[in-house]
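Based on the hints, put chain P in the right spot on chain D.
Protein chains in written order, with my numbering: chain D, 1 to 200; chain P, 1001 to 1400.
Everything labelled a hint here was simulated from the structure, so no lab data went into it. This one's a predicted model, so the numbers in the text were calculated from it and none came from an experiment. Heads up, some of the hints might be wrong.
Below, simulated SDA-like cross-link-like pairs (lysine to any residue); rule was C-alpha separation at most 25 Å, straight line [claimed, not checked]:
no. : chain 1 : residue 1 : chain 2 : residue 2
1   : P       : Lys1385   : D       : Asp45
2   : P       : Lys1377   : P       : Glu1391
3   : D       : Lys158    : D       : Arg181
4   : P       : Lys1338   : D       : Asp56
Okay, here's what each chain looks like letter by letter:
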Amino acid sequence: MISKTKEGLRLDHKVIGDMVKSASSVLDMGCGSGGLLEYLVENMDVKGTGVEINEDAIYSCVEKGLSVSHGDIDSGLSDYPDRLFDYVIFNQTMQQVHKPDEAIAEALRIGKKVIIGFPNFCHITARFQLFFRGQVPITSSLPDEWYNTPNLHFLSIKDFKGFCAARGIKIEKSVFLSENRIIKFMPNLFALDAIFQISK
Amino acid sequence: MRCVAEIQCPGKLKMKKNIVTTKYYNIPKGEKFIFESGLKLVDLTIAYETYGELNEEKTNAVLLCHALSGDAHVAGYHQDDKKPGWWDEMVGSGRAFDTDKYFVICSNVIGGCKGSSGPKSQNPDTDRPYGLSFPIVTIRDMVSAQKKLVNHLGIEKLLAVCGGSMGGMQALQWAVEYPEEVVACIPIASAYKHTAQQIAFDEVGRQAIMADPEWKSGDYYGEEGGYPSRGLAVARMIGHITYMSNESMDKKFGRVLKKEKLGYDFTTEFEVEGYLRYRGDSFVKRFDANSYLYLTKAMDYFDLQKDKKLGHAFKGVGSRFLVIAFSSDWLYPAEQSKEIVKALKMNGIDVTYCEISSAYGHDAFLLEFEEQAKLIKYFLKKSFKKTEKQEQRQTLTGES
Chain D
1 MISKTKEGLR LDHKVIGDMV KSASSVLDMG CGSGGLLEYL VENMDVKGTG
51 VEINEDAIYS CVEKGLSVSH GDIDSGLSDY PDRLFDYVIF NQTMQQVHKP
101 DEAIAEALRI GKKVIIGFPN FCHITARFQL FFRGQVPITS SLPDEWYNTP
151 NLHFLSIKDF KGFCAARGIK IEKSVFLSEN RIIKFMPNLF ALDAIFQISK
Chain P
1001 MRCVAEIQCP GKLKMKKNIV TTKYYNIPKG EKFIFESGLK LVDLTIAYET
1051 YGELNEEKTN AVLLCHALSG DAHVAGYHQD DKKPGWWDEM VGSGRAFDTD
1101 KYFVICSNVI GGCKGSSGPK SQNPDTDRPY GLSFPIVTIR DMVSAQKKLV
1151 NHLGIEKLLA VCGGSMGGMQ ALQWAVEYPE EVVACIPIAS AYKHTAQQIA
1201 FDEVGRQAIM ADPEWKSGDY YGEEGGYPSR GLAVARMIGH ITYMSNESMD
1251 KKFGRVLKKE KLGYDFTTEF EVEGYLRYRG DSFVKRFDAN SYLYLTKAMD
1301 YFDLQKDKKL GHAFKGVGSR FLVIAFSSDW LYPAEQSKEI VKALKMNGID
1351 VTYCEISSAY GHDAFLLEFE EQAKLIKYFL KKSFKKTEKQ EQRQTLTGES
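So here's chain D without its partners, still in its complex pose (with noise of 0.2 Å):
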């Protein structure tokens, strides 16, 4: 769970808010009520929509004012043509579609520039429950158990960046969170999220 700044905000929210473009166009997949897409709209001036699977998550969205597309992500991606929207935005959602790597394909062909913010399986208590307990973790980021979290895959900040590289994506920005505050030292160990800017 990420926490609220002083100001009542999420952090990642914050975070994601700095990194896009003021007045740019913006693609939230996975957008939930519309808390993200909200804040961009009326901080950012961004030009926002989402999609989103929860029909009740529909609702609040559209009393917020918001554009938004029932669907799911992964066939949602495919709607769009090529470099549509300025961000395509992935938060906290990215390790809940099928198929990540088609899905991050589509993301870059759609938008010119991708920001995926996903909770590091590999942050220190997850890796004692691990090794100590011999359990699967659950942290403040993976807050689930095994029988019912909504994650169908768990990767790591190096991991990531690994995937990256092996596929000429170009990272633009990252920017590491724990609980309250930004890391910088040892990210991998000590960040309970990560949010990364990329782009083809």
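Below, chain P without anything else, positioned relative to chain D:
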């Protein structure tokens, strides 16, 4: 024309009832209405109702388009009516189409039988009803007639065009035909073209009417003449099956019998049979058989694509869209709405899409008010805000 009457309800409770009346617009003498087929009419009437007030800037007009069996009476009560208009739960003070904010217009489609010109209307050349000599009507023709009405009301740009089923087709046609004159387009449980299956169901309905000996090639209007009641009732029964879902029918009727036990004969035994018969018979009393032929044909002809591509049709469309589908609708399945959404996205057009989970089948758009209202209310609010912003910008830059 609207007033509020007080009606006495049991238990001394007084309820306010909005009384509305249908108005009629005739195209000016000397003006011809040219149909897509090339045929012309010099005499064309459009029946319509309005709710709320048009604002000074004329930016708050919403056009609602009805489906196959609907009419201009979308909300409120006619004098002495027990039941309100067909979408009353959606239109009124504080409702999704808030008549305190918006000026709502609904007109009967041409080719219909609820006050607008159609096969039942009198042909001035012969002083007899047109019957099949009435020109074939398309969705585009319906929209052209609505455009004349909207212009007559002094409105240059509509805040929104919305409709379910055949009404959704009209909404889509509006956005494509008048790309700069519709701020928001809301097609519900609709499609951009009729598929083979949809044409097939319509054709069975038409054949049922035409096979009725009382139909007489559409020339059944006369004092002594009969009426193709059986044919029209069967057509409606078929229609009704397609408007419901297996789940909703099973829930409503199951295998419940009207009698205590099986009679081993061909009387109306199952509840569902009785219901369909009742629906068929009551439809006959309020609908013209020829109009049924004309309106189903209009839907079958409907294909919004240009060069066999839907994406090409949406090029240059300036509206924003709210597309709504229902999970159990198998007559106009969500997949058809998704195709519309994809074509809009491919053109970079602002679209919101929701598939409302419902067991009511196609009829859901006339039953699932809460969910639709939630979406439409806020979507309209945002659309209206956008026009207000645009107005301000134009005033600032000195544009008219």
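Hints, verified against the model:
{"no.": "1", "hint": "P:Lys1385 <-> D:Asp45", "in the structure": "holds (16 Å)"}
{"no.": "2", "hint": "P:Lys1377 <-> P:Glu1391", "in the structure": "holds (21 Å)"}
{"no.": "3", "hint": "D:Lys158 <-> D:Arg181", "in the structure": "holds (20 Å)"}
{"no.": "4", "hint": "P:Lys1338 <-> D:Asp56", "in the structure": "holds (19 Å)"}
In this structure, every one of the numbered hints holds.
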